[in-house]
Amino acid sequence: MANQVNVFAQNQPGRLERLTEVLLEEGINIRAITISGADDYGVIKLLVDDPRKAFDALQREGFSAFLKEVIAVVMDDRPGGLHRVCRVLGEGGVNVEDAYGFVFQDRKTAILVVEVEKVSEAEEILKAKGLEFLSDEELYSL
Amino acid sequence: MAADGMHWDPVMETMDGEELRALQLKRLRGTLERCAGSPFYREWFKEAGFDPAAVFSLEDIRRLPFMDKDTLRGGDPTRFLTVPKDDVVRMHSSSGTTGQATVIFHTARDVEAWTELVARCMYMAGVRRSDVFQNMMGYGLFTGGLGFHYAAERIGAMVIPAGSGNSRRQIQLMRDFHTTAVHVIPSYALYLLEVFADVGLDPRGDTDLRIAFLGAEPHTESLRRRIEESYGVGAFNSYGLSEMCGPGVAFECPAKLGMHVWEDSFLVEVVDPGTLEPVAEGGEGELVFTSLNREGMPLLRYRTRDLSSIVEGTCPCGREHRRISRIKGRSDDMFIVKGVNIFPMQVEKVLLGVLGVGSNYQIVLDTVGAMDEMRVLVEVAGELWHGEVRELNRLRSRIMEELRQEVLVTPRVELVEPGSLPAGEGKAVRVLDEREHARED
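Chain order of the listed sequences is A and B. Each residue of the first sequence is one higher than the one before, starting from 1 at the first, in this note's numbering. Each residue of the second sequence is one higher than the one before, starting from 1001 at the first, in this note's numbering.
Calculated directly from the structure, the hints in this document are not laboratory data. Check each hint, because a few of them may be wrong.
What the hints assert, rightly or not - Cβ-Cβ distance ranges computed for the label pairs, FRET-style:
1. B/M1091 to A/E17: 24 to 34 angstroms
2. B/D1208 to A/G14: 53 to 63 angstroms
3. B/H1386 to A/R87: 23 to 33 angstroms
4. B/M1091 to A/R60: 54 to 64 angstroms
5. A/S135 to B/E1434: 43 to 53 angstroms
6. B/T1078 to A/D39: 45 to 55 angstroms
7. A/S36 to B/D1366: 46 to 56 angstroms
Unchecked claim - Per the computed footprint, the stretches of chain A lying under chain B, defined by three or more beta-carbons under 8 angstroms from a beta-carbon of chain B, are:
8. 38–50
9. 132–141
Stated by the list, open to error - Selected chain B positions facing chain A (Cβ under 10 angstroms, derived; list incomplete):
10. Q1172
11. G1353
12. G1356
13. E1383
14. V1389
15. R1390
16. E1391
17. L1392
18. V1416
19. E1417
20. P1422
Even glycine gets a Cβ: it sits at the ideal position worked out from N, Cα and C.
Using the sequences and the accompanying hints, generate a full structural model.
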């Protein structure tokens, strides 16, 4: 199981700068980031090498942060890689709340980070179909 | 009684100060005697050790405790009645939801007396039978609508019961029926100027308007002048509160040097809101009223929380009913948006209900275009959400909807980061009023 840090932020110049500054001071390395906005606020999602530490630091600095369990599914970096994962999730009746993907430098492996309502149930479904997913430690040692 | 061309009620309006005091004492004694017949006041007098029969001067009323909104809110409102329930023909209620509202009951005689008072105000400002009066106030529980409506009919003017809103139709009605007098919330009067411009009309040349009654909202002298100049009207300030009847408590005469309190019907005191002692002659303080001519539900020493002062000297119009100055503010944290009275406590209650925990918040009042806008800024703490934008959007919609139901004005809700709002208690921090018409001249 992997964890992601979700942060509430007002849509104002300088907020992202402050957030990344906090992470820099803690020596946190960011693997992936997404930002989704409403009109005057948004949520920043961060996949980092030490989510607990990042979460604590952000909270301490007054950010409204949330530590969210996610599934980091391993895909093959070739045509049809994402489709395979989506078919398994779809056939298993798993509703994806949010997702994003990224590719590793070896150009063989890609990761799909998915947020679902019932994490362990979704993990069982993926496992049953022979798909792998990474824990926090595995994710960061990559 | 018959109007004499200058006064609607010459007997009452031309009484000298001494006669007025004598009438007040007589009516006060009658009111107290009547009160002694209600379950609430029997207890109220007993607790205060007050003998209503032993009142020989107007000052004797100071031996009674003050009443306020909280007194009215506690329990069944019918316990204030000094008449059988069947004699009640009307109720009005101040803003707020049912649990919090203050209810006032009127007998037929009370409605009649109220109508006469407002007719007196309107006639004093120049309304006559030949006038066409467009009432742009909300009708219903709010007293500003029906109070003026009945009075204008009593004078014999033609009434257009337009109600509030629907700006283009308001302008159309003014033009089609040659409206000469309006009753309007000052901030709405400003907004309507923009609509006039949008449709390519100038209220000065394109309407027959000559009188505007401004009510339900405190406003500055400069705003009055702006309305007078842009509309080509005489604008008159009106003071009232539903607890005393509604509009018709105090009103400007053509001299516009303060609002005459109709002292035949109301006993006014000005007290220091801290010590609750009377202020020095002409000093600023909180207005306290006792109804002197109300049958169904008299109120004694009712604290209005409105800050004002008695205008000293005599009025050029000759009326000796004492005048109060323009309302300078509130001694509590109530504020008014689009004519609706709102307390920060109502906002706090809604936030607590929606969020489950208290949250730091701030109310910001702005002028957008010419209209009031109420923004509610709410801090989103970590425990209030689970990391999704969707959730925040839902939270914001719910807060907005529940606030709309509670305060009857649709606010803009903004979610902000923890620690971004000033922490602390009190009106200065909770309510930031940046509206143009709320600023001092």
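Each hint tested on the structure:
1. B/M1091 to A/E17: 24 to 34 angstroms: violated, 58 angstroms
2. B/D1208 to A/G14: 53 to 63 angstroms: With a Cβ separation near 56 angstroms, B/D1208 and A/G14 satisfy 53 to 63 angstroms, so the hint holds.
3. B/H1386 to A/R87: 23 to 33 angstroms: holds, 28 angstroms
4. B/M1091 to A/R60: 54 to 64 angstroms: Since the Cβ atoms of B/M1091 and A/R60 sit about 55 angstroms apart, the hinted range of 54 to 64 angstroms holds.
5. A/S135 to B/E1434: 43 to 53 angstroms: holds, 52 angstroms
6. B/T1078 to A/D39: 45 to 55 angstroms: holds, 48 angstroms
7. A/S36 to B/D1366: 46 to 56 angstroms: At 28 angstroms between Cβs, range violated.
8. 38–50: n = 6 at 8 angstroms, threshold three: holds.
9. 132–141: violated (count 0)
10. Q1172: This interface hint is violated because 35 angstroms lies over the 10 angstroms limit.
11. G1353: violated, 20 angstroms
12. G1356: violated, 15 angstroms
13. E1383: Where the cut-off is 10 angstroms and the nearest Cβ of chain A is about 9 angstroms from B/E1383, the hint holds.
14. V1389: holds, 5 angstroms
15. R1390: holds, 8 angstroms
16. E1391: B/E1391 check passes; min Cβ-Cβ to chain A is 9 angstroms, inside 10 angstroms.
17. L1392: Because about 7 angstroms separates B/L1392 from the closest Cβ in chain A, which is inside the 10 angstroms limit, the hint holds.
18. V1416: Since chain A brings a Cβ to about 6 angstroms from B/V1416, closer than 10 angstroms, the hint holds.
19. E1417: holds, 5 angstroms
20. P1422: violated, 14 angstroms
In the structure shown, a violation is registered for the earlier hints numbered 1, 7, 9, 10, 11, 12, 20, in ascending order.
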